[in-house]
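Protein chains: 2
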Amino acid sequence: MPIRRFYKLYLSPNRKYVKSLKNLLGFVPGNLSLYRLAFRHKSVAQNIKKGVKNSNERLEFLGDAVLGSVVAEVLFKQYPYEDEGFLTELRSKIVNRVNLNQLARKLGFEQLIQYDTKMVNSTRQSSLLGDAFEALVGAIYLDKGYDFTRNFLVNHIIKSHIDIHKLEQTETNFKSKLIEWCQRHGKDITFELIGNQEGESNKLFTVQAIIEGEIMGSGKEFNKKNAEKLAAEKACEALSI
Amino acid sequence: MPIRRFYKLYLSPNRKYVKSLKNLLGFVPGNLSLYRLAFRHKSVAQNIKKGVKNSNERLEFLGDAVLGSVVAEVLFKQYPYEDEGFLTELRSKIVNRVNLNQLARKLGFEQLIQYDTKMVNSTRQSSLLGDAFEALVGAIYLDKGYDFTRNFLVNHIIKSHIDIHKLEQTETNFKSKLIEWCQRHGKDITFELIGNQEGESNKLFTVQAIIEGEIMGSGKEFNKKNAEKLAAEKACEALSI
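Residue numbers (full-length UniProt numbering), protein chains in the order written: chain A, 1 to 241; chain B, 1 to 241.
Read the hints as simulated data drawn from the structure, not as lab findings.
Given the structure is predicted, the values throughout are model-derived calculations rather than measurements.
Quick reminder that beta carbons are idealized off the backbone N, C-alpha and C, glycines included.
Take these hints with a grain of salt, some might be off.
[Said to hold, decoys possible] Here are some chain B residues the structure puts well away from chain A; computed CB gaps all over 10 Å: (1) F27; (2) Q46; (3) V52; (4) S69; (5) T170; (6) K224.
[What the hints assert, rightly or not] Taking beta-carbon pairs under 8 Å as the criterion, some of the chain A residues facing chain B (in silico): (7) E57; (8) A65; (9) S69; (10) D143; (11) K144; (12) Y146; (13) D147; (14) I215; (15) S218.
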């Protein structure tokens with residue numbers, strides 16, 4: 001064991017924190033302040049300069065991008081005969097907030113995240129886990145580089161905790177999700193096919209998802225079914241369903 | 001000069017293609033088939049298996065992710081005191097289709113892209129350039145790895161061709177862009193404030209951008225101006241303006 005590593009794990013004043021990170025991540029972190037930042041929710045952050053807080057939000061921005069790139073490569077290689085639509089959809093199933101929240105909870109992030117319980121309600125608390133996961137990816141990237149982060153994500157996260165094949169099977173059916181929601185809330189929903197716009201290809205279908213007379217989502221695709229699907233997806237997004 | 005490199009540039013049957021890529025990219029490519037694929041638009045692609053074509057679309061998916069990650073890091077480091085909202089907005093100004101199209105045109109992609117002029121109209125043709133740029137990033141990533149791709153993008157693309165500081169200053173005014181486009185095409189445009197939905201906060205404004213009676217974009221924000229802005233942005237996106 002190299003001396004630095006030994007010092008960090010057994011002698012340094014931060015040894016307890018280093019050990020808990022090592023248990024979580026499977027490796028000894030280098031720059032501890034990055035990891036502390038990744039686990040610091042904005043509710044406990046301080047202003048460091050002109051309104052910018054030392055919260056994990058900037059790291060979340062970076063980590064989200066790195067995670068997206070790693071997952072893109074994994075899927076690109078794992079599914080050589082699927083098109084980019086399939087890859088995009090499957091990636092969003094993997095990196096969506098609900099999935100990342102569950103993952104972070106399973107990994108035991110709750111003990112590591114610093115946040116103000118008074119300022120964070122229970123809904124936000126759960127998305128706070130997924131946000132911290134992305135921030136952690138950003139921290140690892142800055143600390144150890146892309147290839148390390150990629151190997152960490154592939155070997156410690158994706159292989160052990162994400163069942164890509166299962167996610168592939170579970171189709172997120174936005175149309176039935178939307179219709180169900182409308183039924184539950186006693187709202188009227190229709191899908192309307194809209195005429196083509198000037199200059200548009202005849203083969204293009206535009207469908208609007210209309211709830212209580214208000215257009216909540218619109219989709220343009222080369223077949224009607226997909227246009228409906230897209231309109232439903234956008235409406236779900238607009239309504240945060 | 002290593003023998004392989006010498007062979008590729010001066011002796012191989014592909015030496016002409018290798019040279020044109022070297023002129024464009026500044027390095028000698030490894031796996032040529034990846035680069036050929038990056039420049040192959042779907043209009044000239046063949047089916048390789050159950051409906052999947054050997055076009056650049058899968059590489060575009062991968063390259064989009066890698067590019068997003070590299071630009072995220074560049075901005076993260078260049079703007080240490082800006083929040084994630086600023087970083088997200090600036091990144092989208094850099095990697096948006098219009099900007100990537102211009103970039104690809106400037107780099108001379110037009111000579112390299114293979115596409116069927118009969119099947120591609122002029123509007124699509126221009127987004128074809130930006131798409132190919134992203135696909136090229138995917139090809140370089142698979143050929144040379146992340147760090148190489150990152151250095152290539154930073155040193156050959158971002159430093160030489162992208163004025164981040166200027167983009168930071170230019171606010172993309174989607175509303176005036178949309179109105180301008182409507183005037184040019186003789187289309188009627190209105191922005192309509194929609195009543196709140198049941199259960200929604202009173203402070204929330206929903207604005208729809210309506211062109212020729214059709215809702216082309218909708219925005220929900222805590223002030224009317226921002227809701228209009230968002231509606232205009234979505235309409236611009238829907239119309240590929």
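Outcome of the hint check:
no. : hint : verdict
1   : F27  : holds (19 Å)
2   : Q46  : holds (14 Å)
3   : V52  : violated (5 Å)
4   : S69  : violated (4 Å)
5   : T170 : holds (21 Å)
6   : K224 : holds (17 Å)
7   : E57  : holds (5 Å)
8   : A65  : holds (4 Å)
9   : S69  : holds (4 Å)
10  : D143 : violated (13 Å)
11  : K144 : violated (13 Å)
12  : Y146 : holds (4 Å)
13  : D147 : holds (7 Å)
14  : I215 : holds (5 Å)
15  : S218 : holds (7 Å)
Hints 3, 4, 10, 11 from the earlier list are contradicted by this structure; the remaining hints agree with it.
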